Every structure is written in structure tokens, then in C-alpha cells.
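Protein sequences, first through last, are from chains Y, X and Z.
With numbering that gives the first Met the number 0 as the guide, the letters of the first sequence map in order to residues 0 to 151.
With numbering that gives the first Met the number 0 as the guide, the letters of the second sequence map in order to residues 0 to 419.
With numbering that gives the first Met the number 0 as the guide, the letters of the third sequence map in order to residues 0 to 267.
I should point out that these hints are in silico values taken from the structure, not numbers from a laboratory.
None of these values were measured; they are calculated from a predicted model.
Relax, there's no trap hidden among the hints.
Derived pair list, reagent style DSBU-like, types lysine-lysine, alpha-carbon separation capped at 35 Å: (1) Z/96 - Y/122; (2) Y/80 - Z/125; (3) X/363 - Z/167.
Take a look at the letters that make up each chain.
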Amino acid sequence: MPRFLKMPPQIVRLVLLTIAIVCLFFTARYFLTPPSFGQYGHYRANALQDIAAQRPFWAGKASCVECHTDHAQKLAKGDHKGLSCEACHGPGRQHVENPAEKLPKLNVSLCLRCHEFSPSRPKWMHQINVHNHYPGNVCTECHVPHQPSEVP
Amino acid sequence: MMNASLVTNVMEALPQIQGYVYPNEQTLHPLWSVLIVVYPYITGLVAGAFIMASLVRVFQVKALDPTYRLALLTALAFLLCAPLPLLFHLGHPERCFEIMLTPHFSSPMAMFGFVYAWYLMAVLLLELWFDYRRDFVQWSLTEPGYRGIIYRAFTLGVTDLSEPALRLDARMGRVISIVGIPSAFLLHGYVGFIFGSIKANPWWGNVLMPIIFILSAIVSGMALCVFVYMVLCWARRIAADIRCLDLMTTFLFYALVLDVSIEGLDWMHRLYSAEEGIDVLRSLASSKLFYTLLIGQACLGTMIPFLLLGATQLFRRRIKELNRRRAYFSSAVLILMGVLAMRWNVVIGGQLFSKSMRGFMSYKMEFAGSEGWLLSIALLVLPFAILIVLVRLFLAPELPTIENVVPGAKSRAKAQEAGH
Amino acid sequence: MSEQTTRRSVLKTLAGIAGGILAMPAAQTCKAAVQNKLANSPAPPGYDPFKHSWLIALDVDRCIGCGRCVEACIEENNVPESHFRTWIERYVITKPKAGSSEIRGETIVDSPDGGRNGFPEELVPKEDILKSFFVPKLCNLCQSSPCSQVCPVGATFQSPDGVVLVDKSYCIGCGFCVQACPYGCRFINPGTHTADKCSLCYHRITRGLKPACVELCPSQARIFGDLKNPVPDDPLQRFFNNNKVEGLKRNLGTEPRVAYSGLDEEVR
Chain Y
0 MPRFLKMPPQ
10 IVRLVLLTIA
20 IVCLFFTARY
30 FLTPPSFGQY
40 GHYRANALQD
50 IAAQRPFWAG
60 KASCVECHTD
70 HAQKLAKGDH
80 KGLSCEACHG
90 PGRQHVENPA
100 EKLPKLNVSL
110 CLRCHEFSPS
120 RPKWMHQINV
130 HNHYPGNVCT
140 ECHVPHQPSE
150 VP
Chain X
0 MMNASLVTNV
10 MEALPQIQGY
20 VYPNEQTLHP
30 LWSVLIVVYP
40 YITGLVAGAF
50 IMASLVRVFQ
60 VKALDPTYRL
70 ALLTALAFLL
80 CAPLPLLFHL
90 GHPERCFEIM
100 LTPHFSSPMA
110 MFGFVYAWYL
120 MAVLLLELWF
130 DYRRDFVQWS
140 LTEPGYRGII
150 YRAFTLGVTD
160 LSEPALRLDA
170 RMGRVISIVG
180 IPSAFLLHGY
190 VGFIFGSIKA
200 NPWWGNVLMP
210 IIFILSAIVS
220 GMALCVFVYM
230 VLCWARRIAA
240 DIRCLDLMTT
250 FLFYALVLDV
260 SIEGLDWMHR
270 LYSAEEGIDV
280 LRSLASSKLF
290 YTLLIGQACL
300 GTMIPFLLLG
310 ATQLFRRRIK
320 ELNRRRAYFS
330 SAVLILMGVL
340 AMRWNVVIGG
350 QLFSKSMRGF
360 MSYKMEFAGS
370 EGWLLSIALL
380 VLPFAILIVL
390 VRLFLAPELP
400 TIENVVPGAK
410 SRAKAQEAGH
Chain Z
0 MSEQTTRRSV
10 LKTLAGIAGG
20 ILAMPAAQTC
30 KAAVQNKLAN
40 SPAPPGYDPF
50 KHSWLIALDV
60 DRCIGCGRCV
70 EACIEENNVP
80 ESHFRTWIER
90 YVITKPKAGS
100 SEIRGETIVD
110 SPDGGRNGFP
120 EELVPKEDIL
130 KSFFVPKLCN
140 LCQSSPCSQV
150 CPVGATFQSP
160 DGVVLVDKSY
170 CIGCGFCVQA
180 CPYGCRFINP
190 GTHTADKCSL
200 CYHRITRGLK
210 PACVELCPSQ
220 ARIFGDLKNP
230 VPDDPLQRFF
240 NNNKVEGLKR
250 NLGTEPRVAY
260 SGLDEEVR
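Chain Y with its partners taken away, still in its complex shape:
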């Protein structure tokens, strides 16, 4: 009987209990750690795919330009060239997937959203004071949104 194994009974019981608990812990860990964890770093690598799987809401200007090239060309010549179509026309996904479904008509109060004067807006921005600038008229009577530099 090797001498080092002659441990007092309390110690033996405690050591066995400890080994049992530790084994249980590692077994649980083996089964329950999610797959792909730790592949790229301390996270579930599959999370990248999960997050990327979300469905986009806005179609993006490129989708509009695919069909509406004439409007896009006109837009590219004026000050509104940096705008995305959906910024004014609203979400276009439905229309891209089913071109028969047209987008709703626009309300001209949309123009004021950007162009109404505010002292916080930068100086390069063309701003108007609604009360002074042809009150009672609709913006599109004089301005062409796709080619804002052209004033009839």
C-alpha cells in the first residue's frame, strides 16, 4: 500500500467530491459551449453571419439608378447630386421588387426639412425663411427638385 495514498478519510472524501464537481463542470462546458466560439476571438464567430443575415430596409441609390438612368443623369448635374433617391422619395424596396407598385406622391413640406432657415445650419447651405420667400406658394412651382439650379 503506497504511503502517499494513506490519507485521512476527511481529505479523501473531499478530494473525491472536488474531482467529481470539476469533472461535471468540464463535461457541461464541453457540451454547452456554442459552436464556432473562439474562432476569431472571444465570441461566437457565427454571430457575424447572424448579424449579416438581417434583411436590409432601404434599397439604396444604386438600385434606383439601374432603371431610372435619365433621372439619375439629370440629378448628377445639379446641387442635389449627392442625394439618395430614397432621401426624398421614401423607402423604395417594394418598388424595386415589384416595379408595378409605385411610390407615394411627395409632399413639398419635405423641401423645408432641409431648406428652412436655422442659425445652426452651415453657411454653404441654401436656406430660405418661409415667411419671406414667396409665402403661400408651393416650392415646385418654381424649383425643379432633380435640377435645383434651374429656375424657370
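Put chains X and Z on the given structure of chain Y with help from the hints.
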């Protein structure tokens, strides 16, 4: 387009803010609310009660013997309740095991699972087992019914009561106490580190935070031991040993002195170095936290006990025993409330101002609900309920102890009983 | 008696270990079955995160405070009410009192509902304003992000392509990351009870689209690009070539990668 009446309704339901706060900070309740106040309070009490018990084992302070087992059982009762506030707070408590499966070692919070398990099993339960082992063996033979079964289970099948076995028990108890002191510091210190490591929040992110947490934990745990001991003796209609009380409160006083010094140092340093955001913090301390910090924590929870305990230290011979007992009890209660106020001031206080340093938030505490008063009070009362059960099982005066069956001890025991 | 107990218990332990080794193949099959239940993601179409490095930059001088970006983000990502993945702050700095030696009066900051409907209300009469500007805010894509440092389980992380993301099927909702972020860009989603934040529209950029806020911004205040794959006349390269830039709260050591041009010292 926004509906005008909808806007009005939403505005009324919005939380009250002053100045500018980041939009995501405009929540109805603080993110870490009263449950996260209760959690460090509970682990602090555990650490402090354990330190008190260790004074007996490690530093051989014999006069504290009557409170040794009570202190350990108190620590156990509170430790068992410690994970509850966290589980109630988590957004997904069913995923709590992830902290043990994939702990992120750069996060102090990840330590929780392991430190808690280590402290519960390898320190507290083990020390209790070694101290109670011979009593378990005795009681498993003499006690009837379900209690006998409980005691037999706790013996873990080891019935050796020989002299070498008992000497080993005593030695193991001392070893575990020594190991247990840094473990207790770790159990509570990591919480202080959680707050101290948040550099984004100037109220929290501070090098002294873990140390302040540990020191106030020790103070609160010792006060809890005094409180529980006096209440238990009152419940059993016996006089609490005055020498034991004198000594416990001596330790309590010096712990309080240390705690006050370090917290004072923290304040002085902040005010002197006046880093960015000091105006916001000063305004926070003097207006939003006026009642809980200046009145509750500083005045009632620290200054008054400091004076009371200091007086009993300086003028011990001149103060009557009854008055000393009154002073000890009231100091213990005030300190317990003061340390709870301190946790509140740290946790909630840190969420009352915006990280933009330009504004303040106000919160209303709800009564029922997962972050409400009712749950917090229940979580603070539950450990006492568990303690009552533990005392019934393990500290009942009727239970015979090994001393009673050793020749000569019976007469001493009889004399003690006659004295009650 | 104690000798027999010791020997028996040692043999028992050895038998247990041997049994464990023999059971490994069965355990592996079993593990795959269990983990199939835990895993839940579809396979991706050929996107390699190591081949990209996304960045967004902000030109404060171009922001007109229209709030279209905030609305776009809310629609794109179903952001819950009163929470924001991105928002606009308006800074109004008033003129100093006549005769004083101050360089400015007071600074008033506001963000009504994150700026999602623009800023219809003027807080200060025009004559009193020294200067005023809008600052868009979002996740700063920190190189040394404190949020991923403090996550206890590994639910928030920096992806190989430079975006700080939240794995909402793994997050336990402890809120540590929300407390640790100095920029206030994280929140706990009241619907999913997990942490939530700007994901740089990861689901869009991995498909070659732009983030929603960049797409809808009418004034090119938000500039987006891939540092590893610049396009001809890349707007991001142009931005860095032409502007002096700054990151927010650099003193905290988070190394924010999002670069601002045109910031004032009053911006926090």
C-alpha cells in the same frame, strides 16, 4: 409626421432631466438600479462577517469564541442569497451559465462565477464542515427524525473522531481561514473593481474604489455580527458576553477609522485635483445626493457611530455596561444603514449625471416590479430568514456538543444552564 | 478499514477515467446533436471579414441637422422608441456678455428625440448666437473598445473588419458594456433585453450597400468607406487628405476610429 397629442403624451412619460444628457441615458429607471445596490451590500456583509470569524481562528482571539460559529453561519446565509439580485437584474437570466462556460477574462464581472463558487465551496462550506464535523457525527447519532438524516448527510460518511482526526480538523480550519481572508477580499473587491475600472464614469472610475469597497464591507460585516449576536442573545433571553462585545466593537471601531480615512482621502483628492467634470460631481454630491450622502452615509452612518464607538473606546471604564450595550447596538444599526447608503450613493449616484458632463437625470423608484422596493426589501430580509433556519439547525442551545460528553464538561455545561 | 477505503476509491477513480476516454466518440456525436439545437445561423454567401476594414467619418461642417439619418437608422434597424443607435446634437454657443473678457457665453446642447424630426424649436434668439452647429453621433468603432473589454461572456466584440458588434443571442443583458461606453452609444433594447448599438449596418455593408444613415444623408456629412478596398476617388481617402480630424474623448484611451472634422472644444 408626428401627431401633436402623441408628442405631448410621450413628453409627459419621459424621465425628468436637467441640462443635456445623451439620448440613450434618458431612461425611466437607471440601468443598474437598486438590485445592484443590494448585491455588493450582501457580498460585503459576507466578507466582513468572515473576517470577524477569522479573527478567532487566525489571530487566536479567544474572547470572540461565542460568536465564531454565528459569524460563519451569518456569512453563509448571506452568501446563499448573493446571486439572487444579479439573476433578477439580468436581461437573460437563463443564459447566466455562459459566465462559467466562456468567461471573458478581461472582464472583472466574469470572475463572479468562479470566485463565488470558490468562496462558497472551498472556503465557507469547508471551514464550517471542519468546525462542525465532530458535532455532525455526534448529532447524527443522537438526533431523531429528519434532523438526524440531515446531520448524517453532512458527515459525508466520515465518522472518524480520533485525536489525530480532530487535530487535522483544527489545522485545516486554520489553513482555510488564512486562505479565506484574501478570498473574501476577492469576493467583494472584484465588485469594487467593476466600478473602479469604468473610466467612462468619473464618479466610479477611480483607483481607490476597490479598497473603499473592501473596507466598508469589513465595517458592515463586523457591525452585522454585533447586531446578529445581540439579537440572538436577546431572543434567547441570555446576556451577550460583554467582554466579547467590547472586543468586537474595538475591531469595528478601528475598521471604521481605516474606512473613514480612505474615503476621506478619496474626497480630498478629487476636490483638490479638480479634474474634468468636478463641477458636475460636486453638484451631484451636494444636491441630488444630499440626503443619502451627506445626511445618511456621512452623518448618520459614519460620524455618529464614530463618536459613539470612540467614546466607548476612550471612556470604557466610566461608561456603564448598559449604556455601552445601547451604544454598540445603535452604532451597529447605524453603520449597517450607512453602508447601504454608501452602496446607493456609489451605484445610483454614478447614474444620476450624464457622461456628457452637461446634465442630470432623475429616476422614480417603483414599488413592485423587477427593479422595485419590494423585491429589494425581500432580498435583504431573506438572508435573515435563512439565518434563523441555520441557527435552529446548527446553533440550537439544546443540541449536545462534544464538550457535554467529555467527562467534567457535563458539570460545566450544567452550571451554564443553571446560570440562564 | 481506512486502507481498504483508500485503495477502493483510487481504483474507482481510475475506472472512471478509463470509461471517460472510451466514451469520447459517443460524446462527440452527442455534442454535435446538442449544439445543433443551440446554433441557429444560416450559412453566409462568400463574405470574408478579413478582407475588409470599414470606417465612417463625420464632417461637422456639412451636417444640416435634418435628422434623416436618425430616421433612416430607426427604420432600417427597428430601433425601439426613445433609444438611438445614432443621433444628432445641436450646440448653440451664445455671445459673451458685453464688456466681459469671456470668449463665449453659455453652451446649450439639445437633441430633441435624437434629432429624428430635425430641430424645429429655436432655443435662443438668433441675435444672441455666437456660433451653432450640429454634431452627428454614433458608435466610435474604438480600436481599444472598453465595451468589448468588459463584456463578461464575449457577446460584444470587434469583428475582423473593424465593426463593434453585439451577439444578441448570447448577450445576458448585464449592462456592463452600456456603463463602460464613454460615448453613450449603447443601450439595453427593451424588446430583446440585450445590449444594442450601431452595427454600422453590418447587414448592408457586407452586401455592398452603404449604412442607412450614410445612404440617406443629403449633405455628405457622413462619409463611409472600406480602408482595405478604396474605390476610385474614394470619399474617405479624400476626407482624410483634406481635413484635420479628431476623435471624441481621446484622453480616455479608447482609440476611437471614427474621425470628426470641424469639432469645437465644447463638444463632448
